[in-house]
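J.: Residue numbers (our numbering), protein chains in the order written: chain B, 1 to 295; chain U, 1 to 283.
The hints are simulated quantities; they were obtained by calculation from the structure and are not laboratory data.
Among these hints, one or two may not hold up.
Said to hold, decoys possible - Computed list of lysine-lysine pairs in DSBU-like fashion (alpha-carbon distance at most 35 Å, straight line): (1) U:Lys276 <-> B:Lys56; (2) U:Lys10 <-> B:Lys167; (3) U:Lys276 <-> B:Lys125; (4) B:Lys199 <-> U:Lys167; (5) U:Lys213 <-> U:Lys37; (6) B:Lys167 <-> U:Lys195; (7) U:Lys55 <-> B:Lys227; (8) B:Lys199 <-> U:Lys20; (9) U:Lys195 <-> B:Lys140; (10) B:Lys56 <-> B:Lys227; (11) U:Lys67 <-> B:Lys140; (12) U:Lys37 <-> B:Lys199; (13) U:Lys195 <-> B:Lys227; (14) U:Lys213 <-> U:Lys195; (15) U:Lys67 <-> B:Lys227; (16) B:Lys199 <-> U:Lys195; (17) U:Lys20 <-> U:Lys55; (18) U:Lys213 <-> B:Lys227.
Said to hold, decoys possible - Pulled a few chain B residues facing chain U out of the computed Cβ check, cut under 7 Å: (19) Thr127; (20) Tyr130; (21) Arg266.
Unchecked claim - Under 8 Å between C-beta atoms, here's a sample of chain B residues computed to sit facing chain U: (22) Tyr116; (23) Glu289; (24) Val292; (25) Glu294.
Yeah, the Cβ is synthetic: ideal placement off N, Cα and C, and Gly gets one too.
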Amino acid sequence: MKIRFWGVRGSIPFPGPNTITYGGNTTCIEVRTDANDLIILDAGSGIFPLAQTLFKELPLTCHIFITHTHWDHIQGLPFFIPTFIPGNTIHIHGAFDPINQGDLREVLSRQMEYCYFPVRETELKATIHYLTLRDRQVIKVGNATVSNLLMNHPVLNYAYRIDCNGKSICFTGDHEPLFNIYDPEDEDCDEYQSFMDQKNQGIIDFMRGVDVLIADTSYTRDEYPQKRGWGHGTYDSSIALARQIGARQLYFTHHEPTRSDRDLERVFQEALSRHPRQPGDPEFHLAQEGPVIEL
Amino acid sequence: MSELQQKLVKMVEQMPAFSKSVHQVLHLTADLNYSHKELVRIIDYDPVMTLKILKLVNSAYFGFARKVASINQAVVFLGMNTIKNLALSVATRGILPQLDRGGLHTGHFLTHSVGVATVAKMLARRLGATDREATDYFVAGLLHDFGKVVFSQFMPLEFQEAQRLAKERHCSLRIVERDLIGADHADIGSLLGEKWQLPPDLVLAIRHHHGDKDGQHDSPMLDCVNAANQITKLRGFGDSGSPIVEPLTPSAQARFGTDLEGLVASLGDLDREMKKAQVIIKL
């Protein structure tokens, strides 16, 4: 399998001189299976430059998996040019909207309504199949499988695990490690903890032994207390997760938009010095737009 | 499902929550830094909000392998913000009209429901239940009379008449409900629970909380809800429109090894527990 990051920022694109090394686009990850089937994880603004490379593959078939529908993970979708071209087949997967009881198509169509976009979803020329995923489904893409697991974010967010010929990748989407909403003296504290333990164990079992873990690492340890409950992880929480599941490589992504390349490298080094690599530890990397990672 | 039942299911889907919790949810969540556990507590004490959240989290949309039986569990599975928005979507639907048009006093009814929930949880502990099980029993207590909310909203005149006749004949309300309406509140509550794929032991406890079919189901949750219902009535906590206190079912009596009076005596100071619950629902 091959992986290429097309967007590594959280929240909002921030192109410019300060983000030129790691990139300013929001989340989009291209995964090519051994059979060269195209899987795209999230459709942030990074999907636009990805689309520019796909014209040589027309008619195109691709499989988009949306971790969740916050803007920074879907805002590139209306500009994903292959959707406008007849003959292309695009499969889009993701969670439903539990508040408005809408399926994935309804949720994604909303950002193409009159006030937001000139082309309506129904006017797209490619054949688009939507699949609203339940928790823990397994989708076959050629000789690869993609499975999903509900994580912890202010909106439903799926982690996706891709397995192909004995190699595996897992992307957390946006995820904040669970915390107990009760204080130790509260009657419900232990019960809540037991539900958390159950969920955490489910996450570990789901991700266990992946070759590459791509994890939401928005904040530093010091920034986190101000951002608790916002639904994102830290360098420390991503390292802990990678160690728990026995990942071979860990890519930190969802960089804060205001974090310059220099600052990003600084906080990365600080985290590594707090957590020196132990035997059996994964390799740690900052996710960066551009380079192709081969498994 | 009969036409009437289908109509009821549809109506309950649109049902708003109780006035107190609607105001509390709107007030609490107006602050971005609201207390998460406070929000859970408000939902925990409102039968409509609890039912709606359990309905969603147990729906086929999620396909969770295990049934979700409590709000805490729903928060861990779906995330706090999703639960908050669900509560808000129920809260902004309006306020449940007072139950008095169906002959029930809203405050007394909620006191009864929360009372049964609280006592069911105490009884669960007495039987050695885990924290999780005890919370599930609380939910069963809270929801056991949900069918009465449905009756009082959608067929208030018939339900009022049923209560009048039950008092006049000094018999169980559910018997009159069956005569007048064709189904009793336990039937309606459990029908909704079944339709929404709530945990089977919860549905069973709602369906048989009056002890019919006693002995056919070995369910500690059912026995706890049955006993808690009678204890709450005996001690006069709230009012659910049912005039008579029934003895414990034989299976509940066997499980607790004592009769109703013995069980009440063994629970100690119930007034203190009930006062705590009433502070939460601010009645």
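J.: Does each hint hold? Answer for all of them.
T.: Here's how the hints hold up against the structure:
no., hint, result
1, U:Lys276 <-> B:Lys56, "69 Å, violated"
2, U:Lys10 <-> B:Lys167, "48 Å, violated"
3, U:Lys276 <-> B:Lys125, "62 Å, violated"
4, B:Lys199 <-> U:Lys167, "49 Å, violated"
5, U:Lys213 <-> U:Lys37, "38 Å, violated"
6, B:Lys167 <-> U:Lys195, "42 Å, violated"
7, U:Lys55 <-> B:Lys227, "31 Å, holds"
8, B:Lys199 <-> U:Lys20, "32 Å, holds"
9, U:Lys195 <-> B:Lys140, "32 Å, holds"
10, B:Lys56 <-> B:Lys227, "43 Å, violated"
11, U:Lys67 <-> B:Lys140, "27 Å, holds"
12, U:Lys37 <-> B:Lys199, "19 Å, holds"
13, U:Lys195 <-> B:Lys227, "40 Å, violated"
14, U:Lys213 <-> U:Lys195, "21 Å, holds"
15, U:Lys67 <-> B:Lys227, "32 Å, holds"
16, B:Lys199 <-> U:Lys195, "27 Å, holds"
17, U:Lys20 <-> U:Lys55, "21 Å, holds"
18, U:Lys213 <-> B:Lys227, "53 Å, violated"
19, Thr127, "25 Å, violated"
20, Tyr130, "14 Å, violated"
21, Arg266, "30 Å, violated"
22, Tyr116, "21 Å, violated"
23, Glu289, "29 Å, violated"
24, Val292, "34 Å, violated"
25, Glu294, "35 Å, violated"
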